[in-house]
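Trainee: Quick mapping for you: the protein sequence lines, in order, are chains A and B.
For the record, in the first sequence the residue sitting at position 191 is 273 according to my numbering, with numbers rising by one throughout.
For the record, in the second sequence the residue sitting at position 199 is 292 according to my numbering, with numbers rising by one throughout.
Incorrect hints may have been included.
Stated by the list, open to error - To give an idea of the chain A side of the interface with chain B (calculated C-beta under 10 angstroms), a few residues:
#1 135
#2 189
#3 193
#4 196
#5 197
#6 202
#7 205
#8 211
#9 213
#10 226
#11 230
#12 233
Think of the hints as simulated: they come from the structure by calculation, not from any bench.
All residues carry an ideal CB built from backbone N, CA and C; glycine is no exception.
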Amino acid sequence: MFLDAVIQLFTADKLVWLNLANAMEVAGYAIIIALIISIPLGTLIGFESFPGRRIILALVHIWLFIPAIGIGASLYYAAHQSFMQPLGFIVWSSLLLIPLFTGLIANSLIDRNPQADEDLYGLGATRWQMHFAVIRDRSATVYGALAVGIARIFTEIAAFFLVISFIFHQGFPSKPVFDLPTASAHLAVAIGLFIIGSLVYLGIHVFQFRRGQLS
Amino acid sequence: MSNLLEITDIHHQVHKRFSIDIDQLFFQDGPVYALIGDCGAGKSTLLRILALLQPVREGTITVFGEEAKAEKNPVKLRRRLGYLSQEPYLFSGTVFENIALGLELRGEEAGEIEARVDNLLHEFQFSDLANAPVRKLSRGQQKVVAFMRTLAPHPEVLLLDEPTTHLDGVQYNLFVEYAKMLNNDRGVTIIMATKSKDLIQRLVNISISLRYGKIVRIRTGEHQVQSGNGSGLRAL
Chain A
83 MFLDAVIQLF
93 TADKLVWLNL
103 ANAMEVAGYA
113 IIIALIISIP
123 LGTLIGFESF
133 PGRRIILALV
143 HIWLFIPAIG
153 IGASLYYAAH
163 QSFMQPLGFI
173 VWSSLLLIPL
183 FTGLIANSLI
193 DRNPQADEDL
203 YGLGATRWQM
213 HFAVIRDRSA
223 TVYGALAVGI
233 ARIFTEIAAF
243 FLVISFIFHQ
253 GFPSKPVFDL
263 PTASAHLAVA
273 IGLFIIGSLV
283 YLGIHVFQFR
293 RGQLS
Chain B
94 MSNLLEITDI
104 HHQVHKRFSI
114 DIDQLFFQDG
124 PVYALIGDCG
134 AGKSTLLRIL
144 ALLQPVREGT
154 ITVFGEEAKA
164 EKNPVKLRRR
174 LGYLSQEPYL
184 FSGTVFENIA
194 LGLELRGEEA
204 GEIEARVDNL
214 LHEFQFSDLA
224 NAPVRKLSRG
234 QQKVVAFMRT
244 LAPHPEVLLL
254 DEPTTHLDGV
264 QYNLFVEYAK
274 MLNNDRGVTI
284 IMATKSKDLI
294 QRLVNISISL
304 RYGKIVRIRT
314 GEHQVQSGNG
324 SGLRAL
């Protein structure tokens, strides 16, 4: 079965490549839009203390560990809304990505050695200089986290396009996903699982905050 | 002698059972001061307050005659001070880049940065390690790099938190001689937290003993000049 899938991938017809190209295009635009918003937002959460920061961080953490079915369900929903194709689909994907990237950037900054901030201020850094120097120092971690995020979203969108196409046509992709019919019953189950999964994650994070395991 | 640093009516609650309480303390231009006391006496906290890194809700800190406001980021005043933390953080990069950091933050020109860093590297016999990744160095070498980083911008007052921790014998002696030279020849006032009796004997003019966040005694050389419970001390 797996071998068949690999062979089909390498001997794929135009529609397979069309789906992959769609996936790459959607993911690419979504990543650019999401990065523009996530970099300043993640930096703000990573460095500053403000009312509501913990709640935002908890929500972002939930998104980081969001069940794949949640992403799949929302992509599925987006793909089947006539008003969302294809620009809306890109925007929707960006909205899914923003918390993911924000969380990855914020986490890689929160994990820094607090002595770095103090030493920079001690050396005469302004607040912006401190932010810049820390980001530069943490660049390997930040870029690594972003690379993981980008790889994840490319994989999920590409998998979504290919799998959905496979499911609904009982064969390897024969039709671009934007033309597929809606299956509302499956969508309801997926959304239900997504909500349950999110509540479980929220509970775990609230518990960790109270025990002081999360900043 | 003029007062370089002055703190008045400072009350800083570190945690429920520990606070720094000092009515008045002056540091004048010239001597080498030591903050001494057991672990948890408040030496590092007091040093961070003096370095304007620890905002205090109650009390006044005056640096070079100017009151440092807690709500503002007192960058201009901090840039006249040099602070070395107990376990300094070195940034990814080379020895040269780390030493140059404070100068870059002040917007110094590349030529000036190179000249000052090269001079320090030469003085501390680190020229061969200029391009070495700083995280490959021993802890003692890293401490020396952090000390050079603090010195590079030519601060008027040095605030050093346990500056000789991790140093080997050679590095320790080099530090003592360099600190003496800075104080005697260049007129840099030094305030350091230390537990080293040898360092106090060799370098320090005035020692301030702390216990539970309060000043309990001030000595100049072998001579005790003031003592009390931390209240009403108009010392130095």
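Trainee: Now tell me if each hint is right for this structure.
Mentor: Here is how each hint holds up against the structure:
Of the supplied interface hints, the one on residue 135(A) is violated, with its beta-carbon coming no nearer than about 19 angstroms to a beta-carbon of chain B, more than 10 angstroms. A cut of 10 angstroms between beta carbons decides the hint on residue 189(A): the least distance to chain B is about 18 angstroms, and the hint is violated. This hint is violated: residue 193(A) has a C-beta 14 angstroms from the nearest C-beta of chain B, more than the 10 angstroms allowed. Annotation: interface hint on residue 196(A) holds; nearest CB of chain B at approximately 9 angstroms, less than 10 angstroms.
A hinted interface residue such as residue 197(A) counts as satisfied when its beta carbon comes closer than 10 angstroms to some beta carbon of chain B; here the least separation is about 4 angstroms, so the hint holds. Below 10 angstroms, beta-carbon pairs count as interface contacts, and residue 202(A) has one with chain B at about 8 angstroms; its hint therefore holds. The restraint placing residue 205(A) at the interface with chain B holds, with a minimum CB-CB distance near 4 angstroms, inside the 10 angstroms limit. Annotation: residue 211(A) was flagged as interfacial toward chain B, and the flag holds, the nearest CB pair being 5 angstroms apart, inside 10 angstroms.
A cut of 10 angstroms between beta carbons decides the hint on residue 213(A): the least distance to chain B is about 12 angstroms, and the hint is violated. Residue-level restraint check for residue 226(A) is violated (minimum Cβ-Cβ distance to chain B is 13 angstroms; threshold 10 angstroms). A hinted interface residue such as residue 230(A) counts as satisfied when its beta carbon comes closer than 10 angstroms to some beta carbon of chain B; here the least separation is about 20 angstroms, so the hint is violated. About 24 angstroms separates the beta-carbon of residue 233(A) from the nearest beta-carbon of chain B, more than 10 angstroms, and the hint is not met.
This entry does not satisfy hints 1, 2, 3, 9, 10, 11 and 12, going by the numbered hints stated previously.
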